[in-house]
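A.B. asks: Assemble the whole structure, with the sequences as input and the hints as a guide.
Protein chains in written order, with this note's numbering: chain A, 137 to 288; chain B, 633 to 890.
Hints may contain errors.
Unchecked claim - Residues of chain B clear of chain A, computed beta-carbon distances all greater than 12 Å:
hint	residue
1	Ala637
2	Ser669
3	Tyr705
4	Ala722
5	Leu752
6	Gln758
7	His805
8	Val823
9	Pro856
10	Leu883
11	Leu886
What the hints assert, rightly or not - Below, a sample of chain A positions facing chain B; criterion: calculated Cβ distance under 10 Å:
hint	residue
12	Ile143
13	Phe150
14	Ala153
15	Ile155
16	Ala156
17	Ala157
18	Leu161
19	Gln164
20	Arg177
21	Gly187
22	Ala189
23	Pro193
24	Ile196
25	Val199
26	Ser240
27	Glu261
Claimed, not checked - Just some of the chain A residues that point at chain B, by a computed CB distance under 8 Å:
hint	residue
28	Ala162
29	Glu183
30	Arg200
The set of hints was computed from the structure by calculation and includes no laboratory data. Using N, Cα and C, we set each Cβ at its ideal position, and we do this for glycine too.
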Amino acid sequence: MGSNKAIEIWVGIFMLAGIAALAMLAVQVTDAGIGTRDTYRIEARFENVGGLAQNAPIMIGGVRVGRVAGIRIDPEEYIPVVSMDIDSQYDELPDDTGASILTSGLLGAQFVGLSPGSSDFYLEEGDEMEFTQSAVQLETLIGQFLYGQDNE
Amino acid sequence: MDLVAKLGRQGINFTIHLGSSLLFLGSALKGAAASFSRSRLIIEQLYAVGVLTMLITVVSGLFVGMVLGLQGYYQLVNFSAESNLGLIVALSLVRELGPVLSALLFAGRAGSALTAEIGLMKATEQLAAMEMMAIDPIKRIIGPRFVAGIISLPILAALFSAIGILGGYLVGHGQFGIDSGVYWHSMQSGVDLVKDVLNGVIKSIVFGFIVVWIALYEGYNSPPTSEGISRATTRTVVWSSLTVLSSDYLLTALMFGE
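C.D. replies: Okay, here's the thing in structure tokens:
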């Protein structure tokens with residue numbers, strides 16, 4: 137009977153290890169998260185979103201404070217509107233906070249960088265950010281550089 | 633003429649094997665369904681098939697992850713894109729290496745053991761003795777092993793991937809100083825729960841099915857001699873590996889093609 141018990145315990149450990157590994161893959165690796173995190177949503181209009189993708193991080197000074205919830209086109213002005221979910225622990229962002237689309241490294245993924253302003257009023261659910269800066273496109277920069285050389 | 637006859641004989645033999653393995657699969661599935669009422673047998677087999685394979689899987693997973701970390705870093709650093717190391721390690725493990733390598737290890741460690749065990753049972757006429765006592769060896773011997781194999785491999789594959797990702801982290805963070813937040817974040821933004829993780833699990837279930845099917849069939853149909861058992865064991869490893877690798881190509885094309 138004793139060895140039977142040992143076998144059962146080992147099988148139990150085996151199953152638990154498997155469940156733990158699956159849980160790690162599901163939560164830690166994919167960031168599916170346990171339930172939904174508490175967030176509030178703000179929007180920002182950009183001239184050009186470049187290669188920004190859904191779920192891209194939103195950073196303040198390199199620290200992740202939220203993620204991009206979706207990107208759509210304003211049907212009247214044909215301007216991309218990026219909606220962002222900000223973790224509600226950062227609920228005191230001034231309403232003159234600026235947003236710019238940045239790239240991590242030369243070939244890295246694009247993310248939204250926020251630079252907090254100094255207003256006394258805070259951004260709230262559904263607000264739209266006023267100050268935005270579009271993605272810098274390498275091609276445009278190179279073009280400017282080449283034509284700039286010509287003019288000199 | 634002899635050559636043509638030989639070719640024909642091999643063709644006929646191949647077709648016979650194909651047919652009888654399918655018939656065997658049918659009865660093995662029935663045995664597997666029946667064995668759920670005797671969970672003790674399944675637990676014993678889970679120990680023999682799963683727990684005993686766990687150590688080799690974990691150790692291999694750790695080293696595969698560490699090698700991925702090393703090689704990935706050496707290449708990525710050329711483009712100063714080493715922040716994507718976590719993503720590369722996780723995707724290659726979860727999508728491909730986890731299910732495939734653990735299936736190959738499983739075939740070598742557990743599949744060969746299953747074939748040898750059942751082949752020996754047949755050679756020493758234990759299976760015939762069971763039939764004499766009106767015990768169906770398919771239900772008693774084959775069924776529980778089938779179930780245990782299909783349950784074990786997804787668990788082993790998940791362990792392999794998880795440990796491998798930790799191994800990649802060990803190398804990336806410990807040796808090359810990639811920030812731990814960057815490592816995990818690049819992974820989290822790029823790995824999808826359904827598309828990558830779930831498809832990996834489905835792959836490993838299919839591989840588990842293939843490996844135990846081949847292992848049990850070869851054991852059950854091995855010639856009752858020592859040479860026959862040794863050949864059956866070899867065939868199990870060779871055929872499982874080939875089938876796993878080729879079906880992996882098909883599954884990948886089905887799952888990840890747009």
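A.B. asks: State for each hint whether it applies.
C.D. replies: These are the hints, each one checked on the structure:
1. A cut-off of 12 Å between C-beta atoms confirms that B/Ala637 is not in contact with chain A; the least separation is 51 Å.
2. Against chain A, the non-interface label of B/Ser669 holds: every CB pair exceeds 12 Å, the least being about 18 Å.
3. Once the 12 Å rule is applied to beta carbons, B/Tyr705 is consistent with being away from chain A; the minimum gap is 14 Å.
4. Interface exclusion of B/Ala722 from chain A breaks down, the closest Cβ pair being 5 Å apart, not more than 12 Å.
5. Once the 12 Å rule is applied to beta carbons, B/Leu752 is consistent with being away from chain A; the minimum gap is 21 Å.
6. With 12 Å as the threshold on Cβ separation, the claim that B/Gln758 sits away from chain A holds: the shortest Cβ distance comes to roughly 21 Å.
7. The beta carbon of B/His805 is kept farther than 12 Å from every beta carbon of chain A, the shortest such distance being approximately 14 Å.
8. A cut-off of 12 Å between C-beta atoms contradicts the statement that B/Val823 is not in contact with chain A; the least separation is 5 Å.
9. No beta-carbon of chain A is positioned within 12 Å of the beta-carbon of B/Pro856; the least distance is around 29 Å.
10. Non-interface status of B/Leu883 relative to chain A is upheld: no Cβ of that chain comes within 12 Å, the nearest being about 18 Å off.
11. With 12 Å as the threshold on Cβ separation, the claim that B/Leu886 sits away from chain A holds: the shortest Cβ distance comes to roughly 21 Å.
12. Interface restraint check: A/Ile143 against chain B, minimum CB-CB distance 5 Å, threshold 10 Å, status holds.
13. Satisfaction of the interface hint for A/Phe150 is found here, the shortest Cβ-Cβ separation to chain B being roughly 5 Å, below the 10 Å cut-off.
14. Proximity of A/Ala153 to chain B holds as hinted, the smallest CB-CB distance being about 6 Å (cut-off 10 Å).
15. Because the beta carbon of A/Ile155 sits about 8 Å from the nearest beta carbon in chain B, less than 10 Å, this interface hint is met.
16. Checking A/Ala156 against chain B: minimum C-beta separation of about 8 Å stays under 10 Å; hint holds.
17. Interface hint status for A/Ala157: upheld, as the beta-carbon distance to the closest one in chain B is roughly 4 Å, under 10 Å.
18. The restraint placing A/Leu161 at the interface with chain B holds, with a minimum CB-CB distance near 5 Å, inside the 10 Å limit.
19. A hinted interface residue such as A/Gln164 counts as satisfied when its beta carbon comes closer than 10 Å to some beta carbon of chain B; here the least separation is about 7 Å, so the hint holds.
20. The interface hint given for A/Arg177 is broken, as the beta carbon of that residue sits about 19 Å from the closest beta carbon of chain B, more than 10 Å.
21. Proximity of A/Gly187 to chain B is violated relative to the hint, the smallest CB-CB distance being about 13 Å (cut-off 10 Å).
22. With a cut of 10 Å, the hint placing A/Ala189 at the interface with chain B holds, because the nearest CB-to-CB distance is about 8 Å.
23. Because the beta carbon of A/Pro193 sits about 7 Å from the nearest beta carbon in chain B, less than 10 Å, this interface hint is met.
24. Interface hint at A/Ile196: violated, since its Cβ lies 14 Å from the closest Cβ of chain B, which is beyond the 10 Å cut-off.
25. Satisfaction of the interface hint for A/Val199 is found here, the shortest Cβ-Cβ separation to chain B being roughly 9 Å, below the 10 Å cut-off.
26. About 6 Å separates the beta-carbon of A/Ser240 from the nearest beta-carbon of chain B, less than 10 Å, and the hint is met.
27. About 24 Å separates the beta-carbon of A/Glu261 from the nearest beta-carbon of chain B, more than 10 Å, and the hint is not met.
28. Interface hint status for A/Ala162: upheld, as the beta-carbon distance to the closest one in chain B is roughly 6 Å, under 8 Å.
29. Given the 8 Å rule on beta carbons, the hint for A/Glu183 is violated: about 24 Å separates it from the nearest Cβ of chain B.
30. Given the 8 Å rule on beta carbons, the hint for A/Arg200 holds: about 7 Å separates it from the nearest Cβ of chain B.
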